[in-house]
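2 protein chains.
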Amino acid sequence: MEIVKEEIIRFLSRGGKDFWSIVSFSNYSAKEVIDAIGTLIKDGIIEERNEKFYVKNPLPEIVSTSYRCSECKGRGVVDEKDRWRELLNEYNNIAKERPRPTTLYDQGVVDSDTALARMLYMLERGDIYKKKILILGDDDLMGILFALSKLPEEIVVLEVDERLVNFIDRISKEKGLSNLKAIRYDARWEIPEELKGKFDVFFTDPVETVKGIELFISRLLEGVKGVGSSGYFGLTTIESDMKKWLAIEKSLLEMNLVITDVVRKFSWYSLGEGDILESDLPIIKENPFKLGNPKTLWYNSHLFRVELVGEKVIKIKGEVDWGRDLYFDEYTYVVNP
Amino acid sequence: MEIVKEEIIRFLSRGGKDFWSIVSFSNYSAKEVIDAIGTLIKDGIIEERNEKFYVKNPLPEIVSTSYRCSECKGRGVVDEKDRWRELLNEYNNIAKERPRPTTLYDQGVVDSDTALARMLYMLERGDIYKKKILILGDDDLMGILFALSKLPEEIVVLEVDERLVNFIDRISKEKGLSNLKAIRYDARWEIPEELKGKFDVFFTDPVETVKGIELFISRLLEGVKGVGSSGYFGLTTIESDMKKWLAIEKSLLEMNLVITDVVRKFSWYSLGEGDILESDLPIIKENPFKLGNPKTLWYNSHLFRVELVGEKVIKIKGEVDWGRDLYFDEYTYVVNP
Chain A
23 MEIVKEEIIR FLSRGGKDFW SIVSFSNYSA KEVIDAIGTL IKDGIIEERN EKFYVKNPLP
83 EIVSTSYRCS ECKGRGVVDE KDRWRELLNE YNNIAKERPR PTTLYDQGVV DSDTALARML
143 YMLERGDIYK KKILILGDDD LMGILFALSK LPEEIVVLEV DERLVNFIDR ISKEKGLSNL
203 KAIRYDARWE IPEELKGKFD VFFTDPVETV KGIELFISRL LEGVKGVGSS GYFGLTTIES
263 DMKKWLAIEK SLLEMNLVIT DVVRKFSWYS LGEGDILESD LPIIKENPFK LGNPKTLWYN
323 SHLFRVELVG EKVIKIKGEV DWGRDLYFDE YTYVVNP
Chain B
23 MEIVKEEIIR FLSRGGKDFW SIVSFSNYSA KEVIDAIGTL IKDGIIEERN EKFYVKNPLP
83 EIVSTSYRCS ECKGRGVVDE KDRWRELLNE YNNIAKERPR PTTLYDQGVV DSDTALARML
143 YMLERGDIYK KKILILGDDD LMGILFALSK LPEEIVVLEV DERLVNFIDR ISKEKGLSNL
203 KAIRYDARWE IPEELKGKFD VFFTDPVETV KGIELFISRL LEGVKGVGSS GYFGLTTIES
263 DMKKWLAIEK SLLEMNLVIT DVVRKFSWYS LGEGDILESD LPIIKENPFK LGNPKTLWYN
323 SHLFRVELVG EKVIKIKGEV DWGRDLYFDE YTYVVNP
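Here the protein sequences come in this chain order: A and B.
Heads up, the first sequence is in my numbering, so the first residue is 23 and it goes up one at a time.
Heads up, the second sequence is in my numbering, so the first residue is 23 and it goes up one at a time.
Hints are supplied without guarantee of correctness; some may be wrong.
For identical chains, the list gives no copy identity; a pair is met inside one copy or between any two copies.
Stated by the list, open to error - Cross-link-like lysine to aspartate or glutamate pairs, in silico, EDC-like; alpha carbons within 20 Å at most:
hint, residue 1, residue 2
1, 154, 24
2, 53, 65
3, 103, 93
4, 103, 83
Calculated directly from the structure, the hints in this document are not laboratory data.
Here chain A stands alone, though its shape is the one from the complex (with noise of 0.2 Å):
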């Protein structure tokens, strides 16, 4: 039986569960989990009752329980001795007045314990203190918490989003953020010449498409200094089939771009609770199935960290006339077309 389906299998030994939740624990597309949990039904393997499913024959609890570390939810980093709390409050409070993300952007926002965990593991892996760190697209309003962590040397926010640009700017001057910058900036655009070679390290959470990740990464690529510079970003299995990861990873790797690190699961967005049933999403005009609202957060991505090993070798140069094919290939279930 293919990986898929054992998965489902897997988790609903644990007890009934809705859509939603079987899309977050599989390491599948939700294009395949949707195929998937349909052959299930078919087979009388697996049977759905009131927005749920149920596997008729449980495997032993042993086999289908979690071995996840619930104390760092298996990224492997946490704020044990709560050092930052401080900083997590104060980058909460900033964070309700943010903009409404827009599907438009294909944006979705990480909850405040992924942005710290994402700043910690940074942290660890040397790639905060005293950096330049350059981030393109910042919905989840990282460069604000970086800043208010007083770490890093200087950070700048390219978005295209006008609103964020906004936003992110007016909390630089009012919290005296002096090392916090946001430009309007369009990923089709050529970075501007003066940001080219600066920065130590780069952060984004790129649309989901291999020309998407590839325009993504050059325009950073072009950002950073040289060897030894690194960058993170995410990637998920819910938009991406493993056909799509293969072609990135190559991609990445002619960049002369070394993976080092691939933490499953480890950043969860806030993303379409309470609406996405009257949306136009893939995800619910291609699903067969009695769906409800999600009841937690069910979209997540897992965590690349890449670091330059060689020359730059950057893919895409100067400007590019592309459309909305930017945001969407077969997979990307959760983006307008």
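Fit chain B to the given chain A structure using the hints.
Frame of chain A, contents of chain B only:
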């Protein structure tokens, strides 16, 4: 400053540390660490006293402290409810009688905490229960642990060290582990015909040269079924620099193996505690500092998971006639040339 030096300064900010702890903490090769320590001393940034190193101007504690999760040791999985304590006891009792590791075959065995964590990680990823598992090189006795768990369908261990083959087969008989078998096998040989295309999952801790890893993975790839088959192996930064990582990763992708997980410092090995100072290993011979014996486990590797996404592309086929250069290159500081 290069990251390797920054890491050393950050680590020494926690207090004086010996050479082994520094190599253990670093994310760069022993060769690079030795160079970096030398330069930092010459530049007056750190100093050496009584087999320990000290930084003159420590970083703030909030930067130098560890944020790795102490519950799961940064691995992301842990047996929180002690479900496997009995298994672990049984494994420990058996492992006490194991043949003594030999550097002849680049052996260094993991502690039982690592062995269990590997099993839990694989279980969590759906790669243990009812699976057929092929192991190449098993001084860690993972095959025995897997078999004792009663979870996999079948385990075959390919091992060059006859003492280990005999040991595993004896335990298998004594404990009635009918699904565990060990076969004497040298990675330079073709794998037995009856093993080809038979397994769901492979596991190995390969020799750490590009050619060596290509050879090991090629053999294992012949053993697995096809699309969706997965594999696990350890790779260190202690004996591989980032350029070697890039070459290895390129090779994996060329074999249609997508990298799905890279968990930092997952496996911890008993290696040379007690007698390493008397060895001819490069980490001793090429070392200008005054060394004591390692006080704790210091050698570690990062856990890779890969998944086959297309047809098998087997790079090395048939028998090869390679010498001991299979085992070493300029970074393999813990292998006897």
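Outcome of the hint check:
{"no.": "1", "hint": "154 with 24", "in the structure": "between (44 Å within a copy, 14 Å between copies)"}
{"no.": "2", "hint": "53 with 65", "in the structure": "within (19 Å within a copy, 57 Å between copies)"}
{"no.": "3", "hint": "103 with 93", "in the structure": "both (12 Å within a copy, 13 Å between copies)"}
{"no.": "4", "hint": "103 with 83", "in the structure": "between (33 Å within a copy, 12 Å between copies)"}
Of the numbered hints given earlier, the model fails none.
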